[in-house]
Amino acid sequence: MQLGETLDLFPTPVYIGYMSEDTHNKTLEKIKDMKWGKVPLSNKAHDMNVSIKHGEPDFHGDVISEYDLTEFNEELGKHCGAYCQHTGQAFGNFFRQSWITRYFKGDYAEQHSHGSSSISIAYYLSTNGEDGHFYVMSPTPAKITATTEFLGSRFKIQPEERKLLLFPSWLEHGVEKNTTDSTRMCLSANLIYDYRERN
Numbered sequence: 269m270q271l272g273e274t275l276d277l278f279p280t281p282v283y284i285g286y287m288s289e290d291t292h293n294k295t296l297e298k299i300k301d302m303k304w305g306k307v308p309l310s311n312k313a314h315d316m317n318v319s320i321k322h323g324e325p326d327f328h329g330d331v332i333s334e335y336d337l338t339e340f341n342e343e344l345g346k347h348c349g350a351y352c353q354h355t356g357q358a359f360g361n362f363f364r365q366s367w368i369t370r371y372f373k374g375d376y377a378e379q380h381s382h383g384s385s386s387i388s389i390a391y392y393l394s395t396n397g398e399d400g401h402f403y404v405m406s407p408t409p410a411k412i413t414a415t416t417e418f419l420g421s422r423f424k425i426q427p428e429e430r431k432l433l434l435f436p437s438w439l440e441h442g443v444e445k446n447t448t449d450s451t452r453m454c455l456s457a458n459l460i461y462d463y464r465e466r467n
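Whatever position you read off the sequence shown (first residue = 1), add 268 for our numbering.
These are calculated hints, taken from the structure and not from any lab test. Misleading hints may appear alongside valid ones.
What follows is a list of derived Cβ distance ranges for each label pair [as the list claims (entries may be wrong)]: (1) F278 x T451: 36 to 42 Å; (2) L275 x G323: 49 to 55 Å; (3) M269 x S384: 47 to 53 Å; (4) R422 x G345: 27 to 33 Å; (5) E273 x S394: 43 to 49 Å.
Straight-line C-alpha distance at most 30 Å; calculated BS3-like pairs for lysine-lysine [as the list claims (entries may be wrong)]: (6) K298 x K445; (7) K298 x K321; (8) K346 x K294; (9) K373 x K424; (10) K373 x K300; (11) K300 x K445; (12) K373 x K294; (13) K373 x K303; (14) K424 x K346; (15) K298 x K431; (16) K424 x K445; (17) K303 x K431; (18) K431 x K373; (19) K300 x K346; (20) K306 x K445; (21) K346 x K298; (22) K294 x K306; (23) K321 x K431; (24) K303 x K445.
Positions of the beta carbon are idealized from the N, C-alpha and C atoms, including for glycine.
Construct the entire structure; sequences and hints are all you get.
Written out as structure tokens, the structure reads:
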């Protein structure tokens, strides 16, 4: 008798890539004099850059534009294009929000999602590799069944300088506590699809 097969249906597309060293260094140079304030959410504990446009830490600004991170923006577009091609999404007509966070010893970000955005981005500007792993949570109902202990509902991604993550914004994720003396710095962004531009 021939047995059946198990299909992994509806996988969650998480993209991992790397920015070039030249783009990375130019980005660090452009943000070296950035101002910082406390992130305006109670479920997170870390610093966040102060928006030039709004004069305070703000999730609605766009640090990529405000600090003229042109090299980063150009290379990011290529990675986003590859991700969208793989997932079957159109790429080009997006609104963008972006910000930078710093994680000192004891800092973390609790599990959360980015609401109605389309694609979310995390990019490691500085890290020692052990100063707080990024993690994503399983979106499947199996995470709350009796088989949970066998499936593993949390997937950790080790931080690494120049590493770029792209993932659907509805995916629950967080950052583990930094238990080291290193300061981890991460650029995050949301791309919000502009449905008015559909053909």
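Comparing the hints with the structure gives:
For the pair F278 and T451, the supplied restraint of 36 to 42 Å holds, since their beta-carbon distance comes to about 38 Å. Checked against the hint of 49 to 55 Å, the C-beta distance between L275 and G323 comes to roughly 52 Å, which is consistent with it. Our hint of 47 to 53 Å for M269 and S384 holds, since their Cβ atoms are close to 49 Å apart. In this structure, R422 and G345 meet the distance hint of 27 to 33 Å, their C-beta atoms being roughly 31 Å apart.
In this structure the hint that E273 and S394 lie 43 to 49 Å apart at CB holds, the actual value being about 45 Å. For the hint pairing K298 with K445, the CA-to-CA distance comes to about 27 Å; that is within 30 Å, so the pair holds. Between K298 and K321 the CA atoms are separated by roughly 17 Å; this keeps the pair inside 30 Å, and the hint holds. With a C-alpha separation of about 17 Å, the suggested pair K346 and K294 falls inside the 30 Å cut-off, and the hint holds.
Proximity of K373 to K424 is assessed by CA-CA distance (about 19 Å); at most 30 Å being required, the pair is judged to hold. Restraint check for K373 and K300: satisfied, since their Cα atoms lie roughly 20 Å apart, inside the 30 Å limit. Straight-line distance between C-alpha atoms of K300 and K445 comes to about 24 Å, which keeps the hinted pair within the 30 Å bound. Between K373 and K294 the CA atoms are separated by roughly 26 Å; this keeps the pair inside 30 Å, and the hint holds.
For the hint linking K373 to K303, the alpha-carbon distance of about 19 Å falls within 30 Å, and the restraint holds. Distance restraint check for K424 and K346: the Cα-Cα separation of roughly 25 Å lies within the 30 Å cut-off, and the hinted pair is therefore satisfied. Proximity of K298 to K431 is assessed by CA-CA distance (about 19 Å); at most 30 Å being required, the pair is judged to hold. For the hint linking K424 to K445, the alpha-carbon distance of about 13 Å falls within 30 Å, and the restraint holds.
Restraint check for K303 and K431: the C-alpha separation of about 24 Å stays at or below 30 Å, so the hint holds. Using a Cα cut-off of 30 Å, the hinted pair K431 and K373 holds, with the two alpha carbons roughly 21 Å apart. With a C-alpha separation of about 25 Å, the suggested pair K300 and K346 falls inside the 30 Å cut-off, and the hint holds. This hinted pair checks out: K306 and K445 have alpha carbons roughly 16 Å apart, not beyond 30 Å.
Using a Cα cut-off of 30 Å, the hinted pair K346 and K298 holds, with the two alpha carbons roughly 21 Å apart. With a CA separation close to 25 Å, the supplied pair K294 and K306 stays within the 30 Å bound. Pair hint K321 plus K431 holds up; C-alpha atoms about 28 Å apart against a cutoff of 30 Å. A distance of roughly 23 Å separates the Cα atoms of K303 and K445; the hinted pair therefore holds under the 30 Å criterion.
Hint compliance for this structure: every hint is met.
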